[in-house]
Structure formats: structure tokens, C-alpha cells
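Use the sequences and the hints to build the structure in full.
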Amino acid sequence: MDRPRHQGMVKNTYMRWRLPLVCLLWEVAMIVLFGVFVRFGPEADAHWEEEKRELNLTSDMENDFYFRYPSFQDVHVMIFVGFGFLMTFLKRYGFGAVGFNFLLAAFGIQWALLMQGWFHSFKNGKILIGVENLINADFCVGSVCIAFGAILGKTSPIQLLVMTLFQVTLFSVNEYILLNLLHVKDAGGSMTIHTFGAYFGLTVTRILYRPNLEQSKDKQGSVYHSDLFAMIGTLYLWMYWPSFNSAISDHGDAQHRSAINTYCSLAACVLTTMAFSSMLQKKGKLDMVHIQNATLAGGVAVGTSAEMMLTPYGSLIVGSISGIVSTVGYVYFTPFLESRLHIQDTCGIHNLHAMPGLIGGIVGAITAAAATEDVYGKEGFIKAFDFTGMYQTRTPSVQGGFQAAGIVVSLLMAFVGGAIVGGILKLPIWGDAAAENCFEDEVYWEV
Amino acid sequence: MDRPRHQGMVKNTYMRWRLPLVCLLWEVAMIVLFGVFVRFGPEADAHWEEEKRELNLTSDMENDFYFRYPSFQDVHVMIFVGFGFLMTFLKRYGFGAVGFNFLLAAFGIQWALLMQGWFHSFKNGKILIGVENLINADFCVGSVCIAFGAILGKTSPIQLLVMTLFQVTLFSVNEYILLNLLHVKDAGGSMTIHTFGAYFGLTVTRILYRPNLEQSKDKQGSVYHSDLFAMIGTLYLWMYWPSFNSAISDHGDAQHRSAINTYCSLAACVLTTMAFSSMLQKKGKLDMVHIQNATLAGGVAVGTSAEMMLTPYGSLIVGSISGIVSTVGYVYFTPFLESRLHIQDTCGIHNLHAMPGLIGGIVGAITAAAATEDVYGKEGFIKAFDFTGMYQTRTPSVQGGFQAAGIVVSLLMAFVGGAIVGGILKLPIWGDAAAENCFEDEVYWEV
Amino acid sequence: MDRPRHQGMVKNTYMRWRLPLVCLLWEVAMIVLFGVFVRFGPEADAHWEEEKRELNLTSDMENDFYFRYPSFQDVHVMIFVGFGFLMTFLKRYGFGAVGFNFLLAAFGIQWALLMQGWFHSFKNGKILIGVENLINADFCVGSVCIAFGAILGKTSPIQLLVMTLFQVTLFSVNEYILLNLLHVKDAGGSMTIHTFGAYFGLTVTRILYRPNLEQSKDKQGSVYHSDLFAMIGTLYLWMYWPSFNSAISDHGDAQHRSAINTYCSLAACVLTTMAFSSMLQKKGKLDMVHIQNATLAGGVAVGTSAEMMLTPYGSLIVGSISGIVSTVGYVYFTPFLESRLHIQDTCGIHNLHAMPGLIGGIVGAITAAAATEDVYGKEGFIKAFDFTGMYQTRTPSVQGGFQAAGIVVSLLMAFVGGAIVGGILKLPIWGDAAAENCFEDEVYWEV
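Taken in order, these protein sequences are the chains called A, B and C. Its first residue numbered 1, the first sequence is counted upward by one per residue in full-length UniProt numbering. Its first residue numbered 1, the second sequence is counted upward by one per residue in full-length UniProt numbering. Its first residue numbered 1, the third sequence is counted upward by one per residue in full-length UniProt numbering.
The set of hints was computed from the structure by calculation and includes no laboratory data. It cannot be assumed that every hint is accurate.
Listed below are the simulated DSSO-like cross-link pairs for lysine-lysine, each with C-alpha atoms no more than 27 Å apart in a straight line [said to hold, decoys possible]: (1) A:K285 with B:K219; (2) A:K282 with A:K219; (3) C:K285 with A:K123; (4) A:K285 with A:K123; (5) B:K378 with C:K126; (6) B:K283 with C:K91; (7) B:K282 with C:K11; (8) A:K285 with B:K285; (9) C:K383 with A:K11; (10) B:K217 with B:K52; (11) B:K52 with C:K52; (12) C:K378 with A:K91; (13) B:K285 with C:K378; (14) A:K91 with A:K217; (15) B:K91 with B:K282; (16) C:K378 with A:K126; (17) A:K285 with B:K52; (18) C:K285 with A:K91; (19) B:K378 with C:K52; (20) B:K426 with A:K283; (21) A:K283 with A:K52; (22) A:K91 with C:K91; (23) A:K282 with B:K378; (24) A:K383 with B:K126; (25) A:K217 with A:K11; (26) B:K126 with A:K285.
Encoded structure:
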């Protein structure tokens, strides 16, 4: 490393005792709580042979593992390689991008297994986990990875661990309200993951506003090879998004349909992104930032409706629109957000997750409201929206209303939660770097 | 970017209106055609519960999604990361390699869903799609990615979109002739994907011959890290090729067998490639170009026969030979093709796809001709070659003849189609760069 | 390449005839042996329809392909991209890391199919292979990749091929002793793969000790981008490790449970690694070497017990401990091993595989010894430990004893085998480079 040491570091970024303390404290807490609460679900427990007999299952293939494990692995890649590498575009923050994403996600999935477990898999005092819990934990952490994108390069690893602790908690509460109280459908998480995660992150970065950030402007760009590393992240997110949106859908047609809708939406999104990237630039050249990010908006925007009968052409339309909105966002909104609203959004999550997330919520509400027994079939209609038990009499238009309410709740949770957590992260004890040292791996890493 | 602006750009590479126009036009056409034609197949439709009852299926596991989705995702990775990164070896064309591959494939899969749908999944005026259609669309686009390899660095994104439009069309016609009219087997597409795609691309690049290409010779090489990026592409193609060749095989033993044959062939191919790479170089050192490419020839060369009873040792033989042929091709044929036949083949697709594709077609014909009821079993024999209906009386040797005919048809389609499309791409309206600016991202990208 | 030519190369690293000869000889031997011995197993053979009828199977889904193929592909990625890229951290040895790993693994899987086949899949004079054989071959080669990590940068490709030949052989013998004679459980290979592979490699590198290795000290470090390439390897190993440990477990709950235990262990491991990486460094900064390696120790350390009822919190504990042990190893043990024991361990496999492998073996022995019918259920208990036939009366504590014996046997095989193979590799005929040219791609590659 031939870079000169930075002078005038006024902030204390020394991590030696603080970071280990937080990591170990967090992990010990996890061990204790797992010890008290977490056990294998019936399909992962050695008693499965008895379970099989009870449920009259003739084949091991009926184990949920085989329905969901391939999708789980794809989602896992999206969280760790997808988000991790997408953020390596910064020329001097590749270690932080991949490494801190790794850290927060590894902690987050443990905490999410607990939080979501208490809400959804709690039985006789125990949380019973299986492959679906692993997917949901990854999903939950996805929303933290999104928020991380807004504050990338400006926060210490301790701040990220603190944020993860709170955000996973709030995510789980919000998810419970939406899925259980409002009985909303959100297979790919347009509302619970993207809208919530992005507006939460944007609120946090607003609270953490750094007026002198232009001091590290030179490091906020990319270099040739860092852009190629970022494309690894982009492509893995793009390719595996059909798995993301279908991972926890009902077995059979729903998983199948979610994958197809997402595949179509993403394909369309690439073309409109390229079109607008060239169109909005005076020289007509393509901008890697758009290709790396806006091409993914199509996956976000069908997150809620992918498992519904959106139809392939509906998906193309949604994907096309979201690519346009997202690219326009990078060109016009991001600078506006920074200069006027003091929202410094390093990765542009407003364009990739916030706006497409809202589109996704709205498309989901409309698609639900437009559902008919004719299109879904009598059984399919009930199954698709779970119109059973206390929801037996709910109509599509009422469902559409609840879906819309889900967007509002997610936004409120994000704003209020983000403001509180942002306030906590503003305390001068977490070891974040001075403005001139932002976007610089040397602060926290041996380089 | 500290590179000096190029002077003397005589060609107009300004994309601002042309590229957006083509992208948006293409995408709007897709939306309209999808709206008119494309619907969910029965296994992805919400009526699936009724379908299940009708077909007497007791488990959601019988949905084709679970037979093919993991392979689909592997194929998807091959198309977008495999081909995309394989082509990043050029020192200054990484954005173009990954980005344009992304663009053309995203458009191509939409158009392929339609074209292949009309030929193979058309029912009552609608194209009914499921996971197998997604795989086939990716396959079809694979042939365009191959052709892209020949003209890499020398064409504008508009030319690529135009080529994709035509090539997908021709691919689908050729595929229809082979699979439906000649009743040929070609699970991994040695003929339909590799032979057709490669000779199509070679014909196109012949027509687009640039006599002054040595002006950009300095940019036609690799640098250390670009070669490592390319290895990402190579390895993903190599690892997932068993999924490629087995993705659309019959359920059960055929998928299983295709994967094993391909695994064996590829393993053998690596050793002969390394051997000849060292042997053919005076200093005895290994050449990254060979390792990146020729190691994959084994996957191409068992494309047709992988689902047949080729046997593991047969696969080793085929893989060994194709590695040798491919490496020899890089050392001797590529320079010959350029200097004598004026075929400028940037990635050497003649060695990786064309020759191994032909080998694959021939091996397939021989393996089919050599099939016996003894080796396949009575039922297995009929099932493997679909000797039912009007093909009930076809004998193995006749099948071998038709397989051979399939090679010839693919070659003809490639030459004639490539010549026509090459002629269209030669029109001076598509914005390709001057010879001195080839292999240079700065022409179309903000760098 | 602007590096000056090295002067004073006293060793003959000319590969032109030696490398091709070995590659071709090895491959011809494979073809002959495959021709004599290897055939498709019943689930990959075209007679499968008859087999299905005999076994009364109603669905193609019961083909083992669908139970294991997704895991197989994940394991495949770990071997070729995971290990390959993990080792690219060296600034000037990326080609060798990825390329030689590719070469030795491609040969190794063929030879492993034979060796393991003779021991485990031999029937009527033929080795019958299916997807499980492919996984086991990849596993076996994994142990060679581990050993490669110790000698990385210091050996010629010929030495690697020779080592692979012997190590695969010894691995298979050791595996046979453990699995068949001792009736030991080792799903994820803590003993057979990691303990054996690592101590084998450490013994080999001890025998090949190079007193003047500090002459190439400047090349033994990483640069910024090489560390990012290595993170690709790390993350793929980390993400897919649940597939590794569950790939050959029994269908149903065992595969499901293995994946969950591994997921938990790995997550915990990341936090303790980060904690100790920061704590053990005076400036409190994180060290990429630890993040790249020690975060994976959690996967190794639950290799034996993952399919047992270790429980999620048990996994967290094991993962936490192994992350600590591994990180401490990098800081204190590796320098000690080099200076005192003359063990030059390029990648630190002692920390990533050897010690965690031992932990894994011990945890497995304890978990087995602690098993009760209450925890596993009557049937589950028998199934989990295969207490049938001649093992019908074996008790958990006896099983624990045999598990412990498995560790000892693996260590002995590794030390004795490594010493012999190291002696063979020390012969001055294999073309390894002089100390000053170690860790340098230019020796064997066109750069």
C-alpha cells in the first residue's frame, strides 16, 4: 500500500475492543437464545420416519427440503455474493462491501431465525425450524443488505451490527402485521423486504447526514475492475431473482408461476434500462451504474404479484416500467435527494429498491383486486389468496385494499424505525470514520 | 480515465437515439406479442389443482418445475455469467463483453419464447409456457452468445440486437426442422446450438471482415486480471455443463445419464487441453486462452449423445479428442482462418464451438446408429429415440442417417443465414466503430 | 508484462514434454480402466423403466438424481470455483491457483470414480455409477485441493498430478477403513476429507521444506484485487457448505438436518472470526486472510456431526469455537509451524482444515456417543447410525469410540502417506521452480 496516511483523523475508529465485544456479545446471546428456543422442525428431525407415517407420506421426496432447497441456495447466493459484490463498485471499499455485508448477514440470519420464529414457527415453547425458515431469515437479512447500500462506506462495522439488530426486529414486526394481521400476500417481498428495507435505510442515512462528504468525493467512484466485480453481484441477483420470488410460494403451480413472471419482468427491464441509460446521457453512452442496478428493478417490482396470475405480458410491462423509473431515478432523483433532502444514498437504493418496491406493492394490490375465480379456477382462487378460515369471505377488492394498506404500514415502520435507529447510530461511540476517510478500506482493514 | 481521446474517428458511433429506439421498439413488440400469444402452461397456471386431479397426480412434486428448475438455473448462469465473463478476457472490453451479452440475451430469451413457442408450445392460438420453455429460450440465446464471440469488440449494440432478432428466428426454424421434421435427438444442442451458432457467427464475421483490424491489435490481448475474470466464465460453463446437456432430457434415467456423460467428457477434456497447450508452445508453458476455452470443448462434443448410452468411457474418449482438436485449433487454425479466409474470430469460437459441435453431431449419429435393444432395453430403446407413432419403424441406422442430415441442415442454415444477416449488419447505419477503436469500451460506455 | 526476467534459474522448469506426457498417460489409463470397469448405475441406465417396475416405483422423482443433483452441483462449484478462487489471493499466482486446481481436480475425479468405485460400487466386475458417485469423487478431490493449499506456489503441475494420483488412492483406502470397517459416520468428511487432506498436505510440505523461501517473500502476499478474487472463492465455499455436508446424507430428514446444522455453524463462525481478527491485531483492524479462511472453519467442524441431532444451538457453539481456533491459528500457529517445524503452509490449511477437522471428528464422536433413542426416535436412531445387520447391537458409546478411532486412523494415513508421497515429490525430476521463482505464474504460464 503506497497511499499516504490520512492526516487529521479526528474521529476514533479504533475497533480493537469494541468490535470484538459486540461480535462476541451478540453471538453468546444467540447461543443462549437458540439453546432455549430453537429445535429442528419435524421434517429435519430424526423422528421424521414417524411423522411420515402419521402424515401418510410414501416418499422422502415430500420433505419440504426438496421443494425449496435449490431455491434457498440461490437466495443464499443473492444475499452474500449478490449484495456483497454489487457493492464492490467503489474503488477503495471492496473489502468493506463484501466483508461487512458478510458480517451483518451472518449475524442477521441468526437473529432473524429467532425473531421470525417467535412470530411464525413457535409451538409449545419452541421454535421449530426447517428450510423455509432459512429462506425467510435470508429474506429478512436482504432488507438489511438493502439499507446497508444507502450508508455504504460511511459507517463502522459496529454501527452495522447495531442496525442489523434493530432492523431485523422491526422487519419481523412489520412482516407479522402484513402477513398475519392484514393477511397480505407478498411472496417476493416488494413491501416487506424492498419498500421497508429501502426507506428504512434512506431514513437512517438522512439522520446520519454528513455535510462534508465531498471531502471523500474522489473515492466515491469506481475503477474499471471494480465495476466488473460489481457486475458479478448484479448478474447473480438478476439470474437468481426468479428463485427469490418463488422460494416460499406454495408448492406446485405457484412456485412455477412466480419464477416465470420474474424471469419475464427482469428480461424486459434490461432493455428499457439500456434504452434510458443511453438516452439520458448527452453522449449517448451507457452508464455502468444503471446497468449494475436498474436492470434489477424488474425483480423488485414483481415481488408481490409474481405468484399471482400477473401473466407473462403483465410481467413484461411491469419490468419495462420499473427499468425506466429506476434509470431516471439514478440520473435525476439521486442528485436531488442529496442536494435538497440531504439524503446521501451511496448505492442508489432509492432507485433500485424503494421506488420499484412501491411499484411492486401497487401492482400487487391491483393484481389481487383484479383476481377472479374465472382466471384462477375455484380452488386456485382460494389457494392463491388463502381465502380460508376467517378470510373465507374476503373479496378480491377488499384484498386489494389490504395490500395497499400493507404498503402504508411498511412505509410508516420504515420511517419511524429508521429515525429511531438513525438516532441511535448517531451516538459518537460507534467508531465511524471522518468524512474525509469515508469509502476507504484502510480505516477498518489491514490493506 | 487517463486515456487520450482517439482522434480521427470517422465512423459515427453516437448511440443516443438509435440504441434507445431499437431497444424500446423491440420491447414494445415483445409486450404486444406476449399479450396476444403467451399464457401460463397448465403446470404454472392457477388451475393446476384441477389439472392434477385430471392427470391423477397425487403430489405437487410431479410438477415439471421440480424436475427441471435446478438445471434451468444452472443454464441461466451459463448464459449470463458463463458467456458474459468468458468474454471479459480482453483488457479494455469487459463492459462490452458482460454488458452487451446481458442485453442481447435479455432480448433474445423473450423473442425465443415466442419463436420456439409458435413451433412447439402452440395450443388453441396461445403459447403455453413453463420451465422447459425458459430453458429452451436460454438454449436458443446460447447460440447467439456463441456468434457474439466471433464479432466481439467489433460491433455496436444495435448490430447485436439486430443479429439476435434474426438469429433467434433462424435458430427456431432450424431447430424445428431437426427436432420435428427429421426427428433428430440433440439434447445438449451440438447441432442446433453449437454448430449452427458458431458457423453462423463465423459467416457473419467473414462478411464484416475488417482489413485494418491490426490497428487495434494492442487492445486485442488480455491483462492479468482480465484473464482471471474470464476464468470465472470458464469455470461456470465447465461446472454447469452437465446441467446444460441434461436440462431438457426425459425425466429419470435420461437426465441422470446426460449429466454423467458430460461430467466425464469435460474431465477428460481438461487433461488433453493442458497436454497440448504445453506441447504446442516452444517454451512448454501453458496458455490461458486454451485453458479458458478448449477445456469446454468436451461439453460441446457430447451435446447430442449425452442422453444416449454413450457410456462413461465413451465420454472420456470424446472429451479427450475434442480437447486436442480445440487446442490445436487455437494454435494453428485461428491464425489461418484470419490470414487466408479473412475470418476474424475474436474468441476462437471455431475451436470451442464449431469443430467440437461437428464432432458432437457425428458422435451423436454414430451412437444412435449403434443403438441396440440389448443395450437400452426394449422400453428404453423406444423411449430414448422416441420411436413411437410415425417413427415406430425407424431403425437405429436410419436414425443415424437422419442425425447426420441434421448436421448438414444446421450448416446450411448457418452459412446462408449468416451471409444474409452479415449483409444486413454491413449497412453503414448501425453505428459500429472504426477499426482503430475496436475492442475498446470507451466507444459505447462511460468509462 | 514489465517484470524483469529472473536470473539464475538453476532448476529446470521446462514442461514441454514432461507435462504432456504425464497428462496423456494419466488420461489414456483412465480411458482403459473406465472401458474395463465403469458402467451406468441402474438409475442412469436406459433399463431404468424395468428397474422402476421391479422396485415398484411410481414416479421418476424417486430417481436419486432428483434427491442429490442440486447438492452435487453446489459441491462441484465448491471444488472448482471455491477452492480455485480461494487460492487466487497471491498477487502473482492467480493462474496457477485456478488453473492447477482445475487440472488436478479434473484428473482426480476420474481416478476417484475408479478407486471409490472399486471399494463401494463394485458389482459383478463392474463399477456402477450414479450421481452419488460423482459427489463422492468431488469430495475425494476436495481433500487433494486442501493439500494443494499447503504447497501452493511451490510445486510444478506434474508434482500435483503425481500427488493427486497417490492421494486419491490413499483417501479411498482410508475412507474404506472408516466407513466400512469401523462403520463410522462422516457425512461432511471432517475426518476423511479435512483431517486426512490437511495433515497429508502438511506432511508433504514439511518434506518439501524450502529453506530459502524468503527469497520469494515479496510475491507471497496479496494485492487489493487478488483479495477480492479470493473472496469469490470464500463466499462460494461458505454459501454452499450446507450442500456439501448434506449431499450424501440419507434422503429426507438427514439431508434437511445436515443443511440446517451447517448453516447455523457457519453463521456463528463469521462473528467469532471477525471478533478475533480485530482483537489479535494491535491496530484492531480486520485481516482479509482471516475473513477469507477462518469463516469457513464452521463448515469443517460440523462435517461429521451435521447429520446427527447436533441441534442448532450445538452448531452455533461448534461454529463459534472453530472460528476462534482458526483465527488464533493464523496469528500464532502458522508462523510457529514455519519457523520451528519447517512447515511452510501457503494457505494456512492447518487453521482452516486440520484443526477444525479434528474438532469436527471429536464433536462427531461426542455427538454419536450422546445419542439416545429418545432424541432420535426408535427408527431414527437405527437409521441415523445404520445400526443394522452386524452393527445391530452397537451402542452409542461404542460408536463414539469407533468415531474417535476414525480420527486416529485418518491422522496415521495422512502422516505415513504424506511422508511417502512427499519423498516421491522430492525427486529432482518433476520440474518445480527454484525458491526465488515460487509464487510466480511466469514459470509455467504464458503471461
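- Message: Hints numbered earlier in the text: which of these fail when held up against the supplied structure?
- Response: 3, 4, 8, 9, 10, 12, 13, 17, 21, 23 and 26
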